[in-house]
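First to last, the sequence lines map onto chains U, Z and B. If you read the first sequence in our numbering, its first letter stands for residue 23, the second for the next number, and so on. If you read the second sequence in our numbering, its first letter stands for residue 2, the second for the next number, and so on. If you read the third sequence in our numbering, its first letter stands for residue 27, the second for the next number, and so on.
The reader is advised that the hints may include incorrect statements.
[As the list claims (entries may be wrong)] Stretches of chain Z that chain U covers, calculated by requiring three or more beta carbons in the stretch to come under 8 Å of a beta carbon on chain U: (1) 10–19; (2) 46–59; (3) 107–121; (4) 164–177.
Everything labelled a hint here was simulated from the structure, so no lab data went into it. For glycine and all other residues, C-beta sits at the position ideal for the given N, C-alpha and C.
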Amino acid sequence: MNITLEIWRQKDAKSKGKFVIYKLNDVSEEMSFLEMLDFLNNTLISKGESPVAFDHDCREGICGSCGLYINGWAHGPAHLTTTCELRMTKFKDGDKITIEPWRSKAFPVIKDLIVDRSVFDKIMQAGGFISANSGAAPEANSIPIPKDNADAAFDAAVCIGCGACVAACKNSSAMLFVSAKISQFALLPQGKTEAKERARKMVAKMDEVGFGNCTNTGSCETRCPKGLKLTHIAKMNREFITAKIVAEKST
Amino acid sequence: MGNSTFHLASITKKVIMALVGLFLVMFLLVHLGLNFTVLILEGDREIFNKAAHFMGTNLIVKIVEVGLFGFLIVHIIVGIVLQLQNWGARPKRYKKRATTQLSFFSRYMIHTGALIFIFLIIHFSDFYFKAKFTDLVPLITYDGKEYHDLGLLTLQKFKMGGFVIGYIIAFILLGFHLNHAFQSAFQSMGWNHSRYMPFIKKVGLVISILIPLGFTIIPLVIYFSEAYSV
Amino acid sequence: MIKFDAKIPEGPLTEKWSIHKRSVKLVNPANKTKLDIILVGTGLAGAAAASSLGELGYNVKAFCFQDTPRRAHSVAAQGGINAAKNYRNDGDSVYRLFYDVIKGGDFRAREANVYRAAEVSNQTIDQLVAAGVPFAREYSGYLDNRSFGGVQVSRTFYAKGQTGQQCLLGAYSGMMRQVAKGKVTMYSRRDMLDLVVIDGKARGIITRNLVTGEIERHAGHCVVLATGGYGTIYYLSTLAVGSNVSAAWAAHKKGALFANPSFIQIHPTSIPQLNDYQAKLTLMSESLRNDGRIWVPKKKGDARAANDIPEDERDYYLERRYPAFGNLVPRDVASRAAKERCDAGYGVGKTGLSVYLDFKDAIKKQGKKAIENKYGNLFELYYKITGDNPYEVPMRIYPAGHYTMGGLWVDYNLMTTIEGLYAIGEANFSDHGANRLGAGSLMQCSGEGYFILPVTIGDYLADEIKTPRISTDHPEFEKAEKEVKEKIDKLMAINGKQTPTTFHKRLGKIMWDYCGMARNEKGLQKAMIMVQELEEEFWKDLKVSDSAKELNQELEKAGHVVDFFGIAKLMIQDALNRKESCGAHFREESQTPDGEAKRIHSEYSYVAIWEYLGEDKPHTLHKEPLVFENVELKERSYK
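With the rest of the complex left out, here is chain U (with noise of 0.2 Å):
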């Protein structure tokens, strides 16, 4: 098939950027989304063009580093699906696709539709964690943990991190990433000890490094490629109204 792309060009941080019109020809159907900007890549390669920047790495949607918006869409039109998961079938001859990056100000774009989602990392750093110290953990199976729970936590714990809530937000918001942590930390026993100080600070850092907030329209349950619910963002509110009004002051 032949179609026509709209891609944000952007040379670096600083630069201005702008979208550039590419004519492709011969897209096979068989193609990934990524394997089809190869091959547009290459073309441009062999016409002394600059190729187009994008993050990807494992192409099998669970490391998390592709993210494109495709004609609107964070990870385009389908759902479940990060963008190397995405194929060429879901479009067809004669279409126009537009790619831009992620748009946020906490995820300024470094080159073309690669953007910079270290502050992910600072949320983390916040408060992520369980601090259990290598060689302190109790015999594993010595806090049994309903199935229920696990299967809960687990559910949160399916985060690939890849910052698609964030880019489908209408306010940018990334409350879907940090209330899965936030989650499925307070759904285990090994994690409850930490569970308000948590939410406290990774909340706190989360406002700090400038996403919006959540006006809970739910955008963000329907662009996860992983399927996130908002119920994590519900439990998070739970975790952080006890943390600021029924906790005692934190000293």
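Fit chains Z and B to the supplied structure of chain U, relying on the hints for placement.
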């Protein structure tokens, strides 16, 4: 308040919006109940006018009234601050944007909110301020005691087609606002429970329909019914 | 000539690690804060090491090429992590785990290391659970286990099909905690381009900042490589496309010997190649073989749809050939059996290069819900890529390049032949011999990172407490930086026609065809010439677009391909040298009459260790004899 509001944690702001919002919903229900009494014409609108008088003079109600205004202002200020931050969080907008169908009205809370606010100003100057600060409201006497005849004022207004249309539009907007607001308040408070959330969403939907319906049915009845000619 | 000594502690096998732990030198807490450790690679091994070393008080500078450590390819390990907990009461023990790994590796691993890996496995599970890893649980609330290829007990802990992701995120969160405390400094989007050795000791690295293109110097008292494997040598593999050998290769060129480079595991259950544009192959977890049955039609070139082929016309060849283990034979055996069937003309699919993995019977017996609980996400992944629904039609699978058992040679302390240079995780050669068993890599990576390296590194650093902070102004840094810059300039200056990826693809094809699942002398010799020719062409016709002073993904790839040429030639040399079949290394000249691998223990019971003598010179071979005192050398049979 503005600057410190900016510095409140995002979730704190959400919780404020939610609690205040839920309080305002309760007020709406009380106000609606009161409005219905205007349909009772017996004794020259005595019930409505007396109820309005009670609301305007009772000490406890007055205290609540101060709180109500305070809450309304908080709701507006925090809402605006949230919105400014949200706009600021994405300085460069997307060129192409597909819309998700989840909670459609949530996208327009600031817009519906702003329009409702304009309605409120008109509404206040028509009724509340008039009664409170001017002599423009006609008086009526029941059992030898003078009351503001707000009932008459209301009936007169509701006989004006343009006013009725504006009034109905305002309440449709309120319905949109409430449609997202009610369930959203529960989510913000962290009360999203797999078992009860579907019910809460239904209640939200019912409220967002019944409140505007209740409010708009009154002017419609008055406008179209001969019984309410004044 | 470089000397090496495995430094295996004296004493009985079961006591060696305890003896070693109580005899290694210690560094007191105040001195630890004066010592800097450079850690390259932040996958499970690296992240676990960073968190442990940070907790101990060392200053860790951690590097990764991804934008955050959480993306390292450990994230893609699916099936599970082994430990000898014996929660199932099925006769498991540390010894049995040790024995299974030794046997699974076809008796080509070091006993002491493997026993230690088995020993710390239990503690590792405790640690991961404490870190919040949501392993699967039973209704009792206790941890669940499943079985995996090559063993007859259930000792695999798992988190659906995302065990690697969950383990990595656990280690990563511990590491983030240390970053917050200032004990670990994270340098992401950095590519290590060279190792700096001063007076025989590893003292630093040269990196390229992948965002700005800047060449940077970083110094430390020692260097740890946790840079993973080089399965991407085949271009198409189950690895992340960014995985590469460059850091390990740079160390090798500076004097770190390389062990068993041709031992590279071909995973039996990957989604087959669909077309020529493909950038990678996607793994389907080995755990699927717990319930899936592998078969091909009994009739050659049978073109019927899978579901139209009646039961008695199906050849469940693994169950037929290996009745004791059936579909759960180790990976190398399963891969070769699939290749054998396809080569003989029984393969299915458009290309004839795939076999069926069928869940019909499992769904009938356990119900769709149970299967969905176990493998739901894998089925979805398969459906997304192929468009086939595995609940209704059998999956099609084919082997793909996966894991490198070979790697930098390390002693018992995980130190390479360069003093102060350590290699952990897949980057080293240590535990898996000639073939790795499923769920063994997460076990090794986390064990080494959390518990082994933090002990053994102290033994070296105890003597370094008087060494002041290493300065990056040392002439060796200057020299290394200059060399790196010259290499980049050389690549940029070729200005030919073909992209790095083109060369990588072509190299991968040669390696897959001649140094993949089956190897023979003639083929290997031919491949060596082909690789050399391709390499010459590379230096004449490479095209790298843009400049080196900016984010340039083509330049990154080009640099990696240069080193792939190096490791490719060494792999071929190693495969030529080892004229026996063992584990993943199958020399067609050495097989039993019924086509099974034939080990020649009398001649090849050694670790092949290769020394780099210079570009264009063949490597020199050294041998570390493998002594088996605690296991009986057996024909590795799964029949």
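Status of the hints after comparison with the structure:
1. 10–19: This one holds; 7 residues, not fewer than the three required, reach chain U with a Cβ under 8 Å.
2. 46–59: Per the Cβ count (0), the hint is violated.
3. 107–121: Coverage by chain U holds for the stretch 107–121 of chain Z (3 residues, Cβ < 8 Å).
4. 164–177: violated (count 0)
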